[in-house]
Amino acid sequence: MMWIYEKKLQYPVRVSTCNPRLAKYLIEQYGGADGELAAALRYLNQRYTLPSKVIGLLNDIGTEELAHLEMIATMVYKLTKDATPEQLKEAGLEPHYVDHERALFYHNAAGVPFTATYIQAKGDPITDLYEDIAAEEKARATYQWIINMSDDPDLNDGLRFLREREIIHSQRFREAVEILKEERNQKKFF
Amino acid sequence: MKQMPKEYYERLEELQAVDFALVELTLYLDTHPTDYQAIQQFNQLAQKRRQLKKQFEAAYGPLEQFGHSYSNYPWNWDDTPWPWQV
Amino acid sequence: MFTTRKQYEPYISPFDPCPPIRVKTYVTAPNLYIGFQPPNLPQFPLREALMKGTLWKVFYDPYYSPYETKTKGDGS
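Residue numbers (my numbering), protein chains in the order written: chain A, 1 to 190; chain B, 191 to 276; chain C, 277 to 352.
Treat each hint with caution, since some may be false.
[Claimed, not checked] Simulated crosslink set (EDC-like; lysine to aspartate or glutamate; CA at most 16 Å straight-line): (1) B:K244 with A:E6; (2) B:K238 with B:E204; (3) A:K7 with B:E254; (4) A:K7 with B:D269; (5) C:K328 with B:E203; (6) C:K328 with A:D82; (7) B:K243 with B:E204; (8) B:K243 with A:D154; (9) B:K192 with B:D268; (10) C:K328 with B:E204; (11) A:K7 with B:E203; (12) A:K7 with B:E247; (13) C:K328 with A:E6; (14) A:K7 with B:D225; (15) A:K7 with B:D268.
Since the hints were made in silico from the structure, they are not lab data.
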């Protein structure tokens, strides 16, 4: 596949309120267990050993997740790039600042660093796809809770976009299960 | 410092809209390989994308790296703004 | 047709220390009901699809915070 980078975001991210505290919540979807990095690495790793019929899907959703990772990074960047250390402290981000200044890093809202233990690849196609469906549902729910914590309408539009993508990804993984279940003589439709 | 004009944001969104539909259709076609109408829509949008990309790049510089877009002189692939700065 | 929100009533004990939440709502997104997506479903125009996050109307399920004062809450 070999990646080519396109110099634009998938969706026009806008953040309208200067509220660095939101960055603390958003980072959960950057370096957290059910976040976009975990999703991208999970699917891009599983794709090597899945049946050919579903490799394309894993390839393509994995790639899209990297684009979503970039969107989350953009939101965090915009919320923190002009914040003073005082504002960051008020936002509960001073441990992060002390280690990273305003640089982003792959950890969750609680500061726990990213680990490969967040993902799995069992080598069994049904197992792997159910892991993927679960991952998408977990991400969808997490976006709901971040939306609940945020009162920035423009940011929330971006989060609603990302949540909707999780619904679609879950749908596609469910379809992939159906494709793998398919008996030789039967065509899958409704 | 370079600020982008209003048209930049409008054109960018137009391209993002076409590209988004292409991503959606790609995922759909990965599980629905025999949907003829969807493939037609995909290919039409792919062609539209080529046009939009060309116009956008003529005004604002290369969108893709490693030779998937042409460069101007001096090298402008790494001009600001980057997507998270826009 | 299907609904995208369901509700239930958690058990409330007379000894619960805080004012009880009487009704809890959860999401049942379209992907639970559609099965294998059929062809030719109605689509949004492109710009709208980008902003909503999907091409197909049947999958659109916006989520709003129930704590936002101005909206009804759960988008349904």
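A quick look at each hint next to the structure:
Of the pairs offered as hints, the one joining K244 of chain B and E6 of chain A holds, with about 14 Å between alpha carbons and a cut-off of 16 Å not exceeded. Taken as a hint, the K238 of chain B and E204 of chain B pair is honoured in the structure, with Cα atoms around 11 Å apart against an allowance of 16 Å. Between K7 of chain A and E254 of chain B, the direct Cα distance comes to roughly 6 Å. Compliance with the 16 Å bound is thereby established for this hinted pair. Using a Cα cut-off of 16 Å, the hinted pair K7 of chain A and D269 of chain B holds, with the two alpha carbons roughly 10 Å apart.
Restraint check for K328 of chain C and E203 of chain B: the C-alpha separation of about 13 Å stays at or below 16 Å, so the hint holds. A hinted pair counts as satisfied when its Cα atoms are at most 16 Å apart, and K328 of chain C with D82 of chain A does not qualify at roughly 29 Å. Distance hint between K243 of chain B and E204 of chain B is fulfilled; the C-alpha atoms sit about 10 Å from each other, no more than 16 Å. Under the criterion of a C-alpha separation no larger than 16 Å, the hint pairing K243 of chain B with D154 of chain A is inconsistent with the structure, at around 26 Å.
Proximity of K192 of chain B to D268 of chain B is assessed by CA-CA distance (about 13 Å); at most 16 Å being required, the pair is judged to hold. Distance check on the hinted pair: K328 of chain C and E204 of chain B sit about 15 Å apart at the alpha-carbon level, within 16 Å; holds. A hinted pair counts as satisfied when its Cα atoms are at most 16 Å apart, and K7 of chain A with E203 of chain B qualifies at roughly 13 Å. Pair hint K7 of chain A plus E247 of chain B holds up; C-alpha atoms about 11 Å apart against a cutoff of 16 Å.
Proximity of K328 of chain C to E6 of chain A is assessed by CA-CA distance (about 22 Å); at most 16 Å being required, the pair is judged violated. As the CA atoms of K7 of chain A and D225 of chain B are separated by approximately 31 Å, the hinted pair breaks the 16 Å bound. Distance check on the hinted pair: K7 of chain A and D268 of chain B sit about 9 Å apart at the alpha-carbon level, within 16 Å; holds.
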